[in-house]
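With chain D held as given, fit chain R onto it using these hints.
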Amino acid sequence: MRIIIIISFLIVVGLVFSAIQVPTIHSKKVEEAIKEATSQSQVTPEDEDIVRQAVTLSVEKLESAQRTRLKYLVSAYLVIWLVFMLYLLRLGRQQQALDQRLAQLEQETSDNQDESMK
Amino acid sequence: MGKSVKILTVVTAILLFISLFLIFGYAQVEKTMLEVQKIFYLHVSAAMTVYLAFGVNFIFCIKYLIQRKPDDDLLAVSAAEIGLVFCTIVLLSGPIWAKYAWNTWWNWEARLTSTLVLWLMYVGYFILRSALAEDKRKLYSAVLGIIAFFNVPIVHFATKLWEEGAHPERGAKVNTLPSIQYTWMVVLVAFIVLFSLLLILQYRVKKTESRYEVIRRKHIEETS
Numbered sequence: 431m432r433i434i435i436i437i438s439f440l441i442v443v444g445l446v447f448s449a450i451q452v453p454t455i456h457s458k459k460v461e462e463a464i465k466e467a468t469s470q471s472q473v474t475p476e477d478e479d480i481v482r483q484a485v486t487l488s489v490e491k492l493e494s495a496q497r498t499r500l501k502y503l504v505s506a507y508l509v510i511w512l513v514f515m516l517y518l519l520r521l522g523r524q525q526q527a528l529d530q531r532l533a534q535l536e537q538e539t540s541d542n543q544d545e546s547m548k
Numbered sequence: 056m057g058k059s060v061k062i063l064t065v066v067t068a069i070l071l072f073i074s075l076f077l078i079f080g081y082a083q084v085e086k087t088m089l090e091v092q093k094i095f096y097l098h099v100s101a102a103m104t105v106y107l108a109f110g111v112n113f114i115f116c117i118k119y120l121i122q123r124k125p126d127d128d129l130l131a132v133s134a135a136e137i138g139l140v141f142c143t144i145v146l147l148s149g150p151i152w153a154k155y156a157w158n159t160w161w162n163w164e165a166r167l168t169s170t171l172v173l174w175l176m177y178v179g180y181f182i183l184r185s186a187l188a189e190d191k192r193k194l195y196s197a198v199l200g201i202i203a204f205f206n207v208p209i210v211h212f213a214t215k216l217w218e219e220g221a222h223p224e225r226g227a228k229v230n231t232l233p234s235i236q237y238t239w240m241v242v243l244v245a246f247i248v249l250f251s252l253l254l255i256l257q258y259r260v261k262k263t264e265s266r267y268e269v270i271r272r273k274h275i276e277e278t279s
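In order, the protein sequence lines correspond to chains D and R.
Sequential numbering of the first sequence, starting at 431, is according to the numbering used here.
Sequential numbering of the second sequence, starting at 56, is according to the numbering used here.
The following block holds chain D by itself, in its conformation from the complex (with noise of 0.2 angstroms):
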């Protein structure tokens, strides 16, 4: 049971891990893309400015989007993660009491038997 949950552990953990490595948009590359735009044309400096905050903020807006999506995918990754888990939590805790109950039932029915003997 032990093994279980720790290989279900180690799944969520490569979840978790593999929705963080989900790649954004690189300020370095909106920069490239800005200069190659303005280098095609004859922009003046405020031209430039314009389309900068216009790429800038719609790459924020397309990034809040992705995060917000991200929310909701390992949400619910851990939604099922944590069922699953509390199963299997009550699942081994109900294993180990009844195998303890029974052990000391059975020493109980031997130690009566043995009484009767005697």
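If you are wondering where the hints come from, they were derived from the structure by calculation, not from laboratory data.
Just so you know, not all the hints are guaranteed correct.
Claimed, not checked - Taking lysine-lysine pairs in the DSS-like style, the calculated list, with each CA pair at most 27 angstroms apart, reads:
{"hint": "1", "chain 1": "R", "residue 1": "Lys191", "chain 2": "R", "residue 2": "Lys262"}
{"hint": "2", "chain 1": "D", "residue 1": "Lys459", "chain 2": "R", "residue 2": "Lys86"}
{"hint": "3", "chain 1": "R", "residue 1": "Lys154", "chain 2": "D", "residue 2": "Lys501"}
{"hint": "4", "chain 1": "D", "residue 1": "Lys501", "chain 2": "R", "residue 2": "Lys86"}
{"hint": "5", "chain 1": "R", "residue 1": "Lys118", "chain 2": "R", "residue 2": "Lys191"}
{"hint": "6", "chain 1": "D", "residue 1": "Lys458", "chain 2": "R", "residue 2": "Lys273"}
{"hint": "7", "chain 1": "R", "residue 1": "Lys118", "chain 2": "R", "residue 2": "Lys262"}
{"hint": "8", "chain 1": "R", "residue 1": "Lys86", "chain 2": "R", "residue 2": "Lys154"}
{"hint": "9", "chain 1": "R", "residue 1": "Lys262", "chain 2": "D", "residue 2": "Lys491"}
{"hint": "10", "chain 1": "R", "residue 1": "Lys273", "chain 2": "D", "residue 2": "Lys548"}
{"hint": "11", "chain 1": "R", "residue 1": "Lys273", "chain 2": "R", "residue 2": "Lys124"}
{"hint": "12", "chain 1": "R", "residue 1": "Lys58", "chain 2": "D", "residue 2": "Lys491"}
{"hint": "13", "chain 1": "D", "residue 1": "Lys465", "chain 2": "D", "residue 2": "Lys491"}
To be verified - Only part of the chain R face toward chain D is listed, based on derived beta-carbon distances under 7 angstroms:
{"hint": "14", "residue": "Leu89"}
{"hint": "15", "residue": "Ile94"}
{"hint": "16", "residue": "Ile144"}
{"hint": "17", "residue": "Ser148"}
{"hint": "18", "residue": "Ile151"}
{"hint": "19", "residue": "Tyr267"}
{"hint": "20", "residue": "Arg271"}
{"hint": "21", "residue": "His274"}
For glycine and all other residues, C-beta sits at the position ideal for the given N, C-alpha and C.
Relative to the frame of chain D, chain R by itself:
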């Protein structure tokens, strides 16, 4: 833990790791739901496992009614318990998907409502078992298990029977990428193997419980 159970545990763990790798490393990101679509793999696979678990419960309920073997009752109740766990997963992961896709945690559409009814019926199955005396428990719960199973096809065909709601209609042509299809198949297999492992473990607990009860009764008889 027996050797076969250990092997099954290792196989389950490997399959779950492969599933996770395929979900995050192989399956392409779906264009409409993007990353949130990855909930689908576990949600739908869990739903399919619910059908399987309650199907196993249904078979052993019938078998118990015919042969009256206590082991059939133990297997039936074990399958129902695991089915209930998977059904809980479906009911909890579904609203997270729904909140993103439909901007609501819950709506009373056919598939959602019938799944909730299914869950409640099997909760009722366990309430009935705990409320009845030993002699009546097995018989009555077997009858309820059979009745409750008739809700499974209703859940499955709900979108066809009531043609409104947010879930896609059964058999509707969806342009799914092959990587998504293959990944889902692997996850489904992993869940089926996981169900088999849990069924064995749960059955063992139930078996120990019934053995304990037999020895306890014998002990009381001897001491009195």
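Next on the checklist: Can you verify the interface hint for R/Ser148: is its Cβ closer than 7 angstroms to any Cβ in chain D?
Outcome noted: Check passed: Cβ of R/Ser148 comes within 5 angstroms of chain D, closer than 7 angstroms.
Item to check | Straight-line alpha-carbon gap R/Lys118 to R/Lys262, limit 27 angstroms | outcome: Roughly 17 angstroms separates the two Cα atoms, so the pair holds.
Next on the checklist: With the threshold set at 27 angstroms, check whether the alpha-carbon distance from R/Lys273 to R/Lys124 stays at or below it.
Outcome noted: Measuring from Cα to Cα gives roughly 20 angstroms; hence the hint holds.
Checklist entry - Taken at face value, is the distance from the CA of R/Lys86 to the CA of D/Lys459 at most 27 angstroms? => result Answer holds: D/Lys459 to R/Lys86 is near 23 angstroms, not above 27 angstroms.
Next on the checklist: Please verify whether R/Lys191 and R/Lys262 have alpha carbons no more than 27 angstroms apart.
Outcome noted: 19 angstroms, holds
Checklist entry - Has the given pair, R/Lys154 with D/Lys501, been kept, meaning a C-alpha gap of at most 27 angstroms? => result 12 angstroms, holds
Item to check | R/Tyr267 as chain D interface residue, shortest Cβ-Cβ below 7 angstroms | outcome: Holds, because the Cβ-Cβ distance from R/Tyr267 to chain D comes to roughly 5 angstroms (cut-off 7 angstroms).
Checklist entry - Straight-line Cα separation of D/Lys465 and D/Lys491 no greater than 27 angstroms? => result 20 angstroms, holds
Next on the checklist: Please verify whether R/Lys262 and D/Lys491 have alpha carbons no more than 27 angstroms apart.
Outcome noted: 56 angstroms, violated
Next on the checklist: Using the nearest Cβ pair, does R/Arg271 come within less than 7 angstroms of chain D?
Outcome noted: The hint holds - R/Arg271 has a Cβ within 7 angstroms of chain D, the shortest such distance being about 6 angstroms.
Checklist entry - Quick one, is the R/His274 hint okay against chain D at 7 angstroms, beta carbons? => result For R/His274, the interface hint holds, since the closest Cβ of chain D sits about 5 angstroms away, which is under 7 angstroms.
Checklist entry - Keeping to a limit of 27 angstroms between CA atoms, is the pair of D/Lys458 and R/Lys273 held or broken? => result 77 angstroms, violated
Violated hints, listed in ascending order, are 6, 9, 12; each of the other numbered hints is respected by the structure.
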